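Let the sequences and hints guide you as you build the complete structure.
Residue numbers (the numbering used here), protein chains in the order written: chain F, 295 to 581; chain D, 713 to 976.
Keep in mind that a hint or two might mislead.
[As the list claims (entries may be wrong)] To be clear about the criterion: a stretch of chain F counts as covered by chain D if any three or more of its residues have a C-beta under 8 Å from a C-beta of chain D, and this derived list gives those stretches:
| no. | stretch |
| --- | --- |
| 1 | 321-328 |
| 2 | 492-503 |
| 3 | 539-551 |
For the record, the hints were derived by calculation from the structure and aren't laboratory data. The structure displayed is predicted, hence computed values, not measured ones. Yeah, the Cβ is synthetic: ideal placement off N, Cα and C, and Gly gets one too.
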Amino acid sequence: MTTAVGNLSIAVQRRFGRQRLRKIILGSIPFAVMIAIWHANTVFDWLPPVFIPPIGDVWEAIFFLQEDCAGFVALVMLDNSCLITTHVFSSIGRVILAAIVGLPLGIAFGILCGMSRTLSKFLEPVGVFANSISGIAWIPLAIVWFGVGWVTTLFIMLNTIFWLMFFNSMLGVRSVAKVYEESVLTMGGSRWDVIKQVYLPGAMPSIITGMRMSMGFGWRALIAAEMIGGDSGLGFMIFTSAAEFKIEEVFLGVIFISIIFMATDKYLLAPLEKWTVERWGLVWRPT
Amino acid sequence: MDRLWWHFQQLLKIDAMNLVILVIVVLIGWTIISETIPNPARYLPSPLAVSLSSVDMLVKGLLPSYYSDTLVRLIIGSSIGLAAGIPFGLLLGLNKTVADMFHPMMNFFQSVSGIAIFPIVVIWWGNSDTTVLAVILYTSFFPIAFNVLSGVREIPIRYVNAARTMGASRYQIMKDVLFPGAMPHIATGSRLSIGFAWRAVIAGEMLAGRQGLGWMIFTGQDADRTAEVILGMVMIGLTWIILDHYLLRPIEADTIERWGLVQR
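This is the structure we're talking about:
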């Protein structure tokens, strides 16, 4: 018996790595304690369930919100009867749409403007200013322009992403030494070659860092935009649930929001950034 | 002070001319767009209308009062958040096991944005100043605590061991090794958490309906006074530029220059 457990333990340690396993186990302790305190609160009635809902209620809220769902088709069509999936997917859909449109647009404009040093010097204050009011400060104006709805929320997210990308790629291109550009031109390269061979790789670390930053800020701005000027999405869901004092739905929404963000950041953006910095980052820069 | 003055001179030397040209171009473009669209008062008031509304609000005394409300909130919230977050991060970082233990949890809390917990807080305290303050505190506390914790974790263990070998006490290790070693992270984290707090102030005021710049642009939209909305946006942007570029960034750069280049 003991050897079986021992073998299993060794197998698990080999599979995950000793250090990583230690970190996972250690890291889960505070979460376990937190959940235990949360549960104890329900058992011993320290704070009323109106303020801190029982864990069971939060779990059941998933099924309660999803109860009226009329099958798979309604779920995919984001029907209002499937509340949870509709709100989650409409938030994620907006993120993806904004990323597909905003990231390439921001990078392209940033590189184009960064190519001309004079132009970029002019546009730098624009980027600084736009970045400092990007996000939530645009929400009221966006509501005036587009009304309450998905266009407003998409606009806020796009706005946040675009300016951050624009600014970061512009600065990235500007930081590439002129020697590289000139040497490609001397060897008979075209403008397009310069962009492809010099600017894009040179600005890559800056672009990827900007990408990670813009998704972080964009996600936060999106949640705020959905609360104030949206009619669907997780932000909208938690805000309307709070207005009806359904705190278990609010907790559920907050947990979803953080899990989605952490998963994207940890498994997509952070590895991408690390890989890029390793691959493109250590370019020798002439002094 | 000297450094601020130096930045100011640099601004005058290089960027002033560019900036003036840029502002003129933007204002002309803005005026042309606002003249050509129908109903500019609602959709895009001209720069003139915006400046008139700013004069109007200045005369009524609304603008200074909103502005100071927002700034006071930011200063109180972020200073409490920083004052609590830096020692907290350092304390957690004292012990490697404890640091490993709390790192994922701090990461979790710092990635839940303050805006997302707003609905919870609003159930607890209603639409009050406490709610806004709680959201600001949350948004400024966790990024700084997480950054300090990460900074402490990155300090090579041999520095701690070296100090310990020479008979340093726990307090001395914290004061002479961990605190200076985490200094760059403290500076970066402070800038980050003040940035998040600034956004949280604006959003909190909008959602909780407490007077301030965020409230000003939100009610401006409700009451169809778009000029006030744009005025508020410009004020928000300018304030953050001044705060970030002429205060926080120089401080961060100085700190990293002074404490950052520790050989690893």
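Verdict on chain D covering the stretch 321-328 of chain F, criterion of 3 CB contacts below 8 Å: holds (count 6)
Proximity test - 8 Å, beta-carbon atoms, the stretch 539-551 of chain F to chain D, at least three hits: Held - the stretch 539-551 of chain F has 7 residues with a Cβ nearer than 8 Å to chain D, which meets the minimum of three.
Within 8 Å of chain D's CB atoms, at least three CB atoms from the stretch 492-503 of chain F: coverage verdict: It is violated: at least three residues are needed, and the stretch 492-503 of chain F offers just 0 whose Cβ sits closer than 8 Å to chain D.
The structure is inconsistent with hint 2 alone, although it conforms to all the rest.
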